[in-house]
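Respectively, the protein sequence lines represent chains R and A.
Position one of the first sequence corresponds to residue 3 (our numbering), numbered consecutively onward.
Position one of the second sequence corresponds to residue 3 (our numbering), numbered consecutively onward.
Hints may be right or wrong, so weigh each one.
Unchecked claim - Sample of chain A residues facing chain R (criterion: CB under 10 Å; computed from the structure): (1) 43; (2) 89; (3) 100; (4) 134; (5) 155; (6) 169; (7) 196; (8) 274; (9) 278; (10) 282.
As the list claims (entries may be wrong) - Each computed BS3-like pair below joins lysine-lysine, with the alpha-carbon atoms no more than 25 Å apart: (11) R/90 <-> A/189; (12) A/189 <-> R/125; (13) A/189 <-> R/40.
To be clear, the hints were calculated from the coordinates, so they are not data collected in a lab.
Built from N, CA and C at the ideal position, the CB exists for glycine as well.
2 protein chains.
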Amino acid sequence: MATRACIKPIFILLCKIPIMDALVIALGGNALLQNGEKPSFPVQLKNARRTAKSIARRLAKEKAFVITHGNGPQVGYELLRNIYAGRKLPQMPLRIINAETQAIIGSILQSAIASELEKIGSKKRICTVLTHVVVDRKDKAFENPTKPIGPLYSKKELQKQLKIEKFDYVMTGLLYRRVVASPRPLKIIEIGQIKELVEDGFGVICCGGGGIPIFDDWNGANAVIDKDRTTQHLANSIKASRMAILTNVDCVYKDYLGRRVPIKKIEASSIGESLGDFDEGTMRPKLEACTDFIMNGGKRAYIGSLFSLDSALAGTSGTLIM
Amino acid sequence: MATRACIKPIFILLCKIPIMDALVIALGGNALLQNGEKPSFPVQLKNARRTAKSIARRLAKEKAFVITHGNGPQVGYELLRNIYAGRKLPQMPLRIINAETQAIIGSILQSAIASELEKIGSKKRICTVLTHVVVDRKDKAFENPTKPIGPLYSKKELQKQLKIEKFDYVMTGLLYRRVVASPRPLKIIEIGQIKELVEDGFGVICCGGGGIPIFDDWNGANAVIDKDRTTQHLANSIKASRMAILTNVDCVYKDYLGRRVPIKKIEASSIGESLGDFDEGTMRPKLEACTDFIMNGGKRAYIGSLFSLDSALAGTSGTLIM
């Protein structure tokens with residue numbers, strides 16, 4: 003270690019004086035599972051490989067990058083697995099379910115991307131860091147949980163499940179669904195380590211599903227943190243220059259359900275007033291995250307399709323937020 | 003990042019010239035679950051806190067440390083959860099089950115240790131890195147799988163389960179149990195990142211359950227890697243000076259089931275010939291790992307109780323291998 007320690011600072015001096023231009027990418031849950039697909043390992047690996055193929059060439063060119071990802075479908079299935087086995091094995095709390103999905107998706111994504119990077123001759127190395135994110139007990143989201151997770155229940159199933167664990171729920175049509183709070187991320191516990199790895203040239207997969215929700219005393223929070231919010235927090239904390247939110251829509255549209263006017267470019271400062279025009283469940287949090295990223299020092303944010311990272315960064319697809 | 007990049011090398015120059023004295027600790031599966039305990043989250047957290055209390059003061063004094071851990075009980079329960087939900091949800095392969103246990107145990111351990119470190123005023127920060135370990139397709143272990151995992155099956159249950167997935171099994175008494183190969187670890191994929199973090203002063207939890215078993219093409223291996231073997235590989239790869247294997251036995255005994263002669267100190271070079279005296283399933287792999295660690299440049303290895311790290315390192319408990 004001694005020799006290494008002497009050589010390292012000189013190496014870092016040579017490599018690190020130029021401003022690092024880091025790219026943070028948020029992958030939608032559909033990177034691994036499309037709607038209605040069977041949540042098996044082969045299916046998720048196949049999808050991950052497709053995603054990897056489309057982003058690896060770009061990642062190979064980047065000096066520094068971080069990948070975050072959603073976990074919506076996987077959280078649902080892990081909750082289901084817990085419920086099905088619930089009579090025989092104790093059910094795990096949401097913080098552990100999130101941790102499990104970070105490992106499942108992290109390992110599958112890492113395998114697919116690392117293997118694709120190797121194939122194209124890149125020496126980039128990536129790893130997956132389990133991420134805990136602190137939220138505030140007094141966050142107003144806890145007063146009015148609105149984030150739906152897990153399966154739909156009939157009234158009978160709901161009553162049965164409520165005997166095992168108490169939770170909030172809403173009615174959707176004739177069925178019921180669990181809802182949890184979606185508080186704002188305050189602090190990413192592993193931010194120092196992630197920054198260190200990124201500065202040392204490693205690609206990092208982290209903040210999966212918005213991160214494991216905890217309070218500042220390390221107790222778990224019964225919550226799901228929005229992954230785009232956490233991604234923005236991360237991107238600003240490591241002072242990344244660019245952030246790209248990749249999803250199953252090719253760009254941001256005005257009047258999405260009506261005339262569908264694609265937005266190619268938009269000033270962050272002008273988004274605030276028109277946020278109400280966008281769908282609360284899908285596009286609005288992404289636009290908010292991009293706006294906050296720019297307002298807090300980020301240079302450029304992109305919203306685009308999972309399969310067009312390169313052209314989004316080049317400005318020929320997607321939506322650019324400046 | 004630019005400013006940080008300029009300050010960092012100077013900081014590293016000042017801090018890193020002394021030889022780093024890293025400690026690698028392997029925690030037995032019983033750190034989180036004792037035999038027969040209910041595998042719930044509160045029980046595992048309670049046990050982790052007890053373990054954390056006993057090791058945190060020592061870790062706070064260490065310049066650099068890595069923690070690895072077993073996952074025997076947790077793999078068993080995750081397999082069971084998969085089996086119980088098996089008719090309704092696709093079962094996950096062993097590589098994913100291992101990844102899940104790294105996240106479950108990693109998050110619980112990290113919470114307990116980080117919170118204990120904070121309590122005693124330490125500024126040490128730790129994180130959990132998902133670890134993939136490459137094994138050889140031609141490893142002889144694959145010809146003759148011997149590592150028992152998961153639940154005991156009756157003949158009927160076994161036949162039912164074999165229809166869902168093919169696996170090797172052995173008969174134990176009147177029941178059956180799945181066995182998988184336990185090949186040698188060849189390469190820890192994330193070794194560069196782990197070394198970097200450790201050199202930067204972060205504590206790292208990694209290599210859980212011996213690591214996610216993969217082949218060199220990133221395909222998963224139907225295997226479980228011995229965690230002590232992986233720990234030794236890791237310890238030598240990062241050139242750690244010390245390795246401690248903590249378990250539910252207070253030291254190594256000769257004639258464990260008979261006269262029980264405790265061994266306080268032993269030369270690594272003299273272990274080879276007497277390895278046959280130790281139990282193949284429990285103590286032998288630990289002694290082998292310690293011997294190999296010393297033979298490959300490690301300075302001191304310890305085998306001792308989960309609750310006496312301090313005294314083991316001080317030489318007043320446990321077994322020292324030099």
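Chain R contact restraint for residue 278 of chain A - C-beta distance below 10 Å: With Cβ-Cβ at 36 Å, over 10 Å, it is violated.
Evaluation of the interface hint that places residue 196 of chain A against chain R, nearest CB under 10 Å: holds, 8 Å
Restraint check, 10 Å cut-off on beta carbons, for residue 274 of chain A near chain R: Check failed: Cβ of residue 274 of chain A comes no nearer than 28 Å to chain R, outside 10 Å.
Agreement of hint residue 43 of chain A with chain R interface, Cβ distance less than 10 Å: With a minimum Cβ separation of about 5 Å from chain R (threshold 10 Å), the hint on residue 43 of chain A holds.
Restraint satisfaction for residue 155 of chain A [CB to CB of chain R, less than 10 Å]: violated, 15 Å
Restraint check for residue 90 of chain R with residue 189 of chain A, where alpha carbons must lie at most 25 Å apart: violated, 38 Å
Interface hint outcome for residue 100 of chain A [beta carbon to chain R under 10 Å]: Holds. Min distance 9 Å.
Hint status (Cβ of residue 282 of chain A to nearest Cβ of chain R, threshold 10 Å): Violated, about 30 Å.
Status of the residue 89 of chain A interface restraint (C-beta, 10 Å, chain R): Holds - the Cβ of residue 89 of chain A comes within 10 Å of chain R, reaching about 8 Å at its closest.
Given hint residue 134 of chain A near chain R, where the shortest CB pair must fall under 10 Å: Holds, because the Cβ-Cβ distance from residue 134 of chain A to chain R comes to roughly 7 Å (cut-off 10 Å).
Chain R contact restraint on residue 169 of chain A - CB to CB distance below 10 Å: violated, 16 Å
Proposed proximity, residue 40 of chain R with residue 189 of chain A (alpha carbon, max 25 Å): Not satisfied, since the Cα-Cα distance of roughly 33 Å exceeds 25 Å.
In summary, the numbered hints that this structure violates are 5, 6, 8, 9, 10, 11 and 13.
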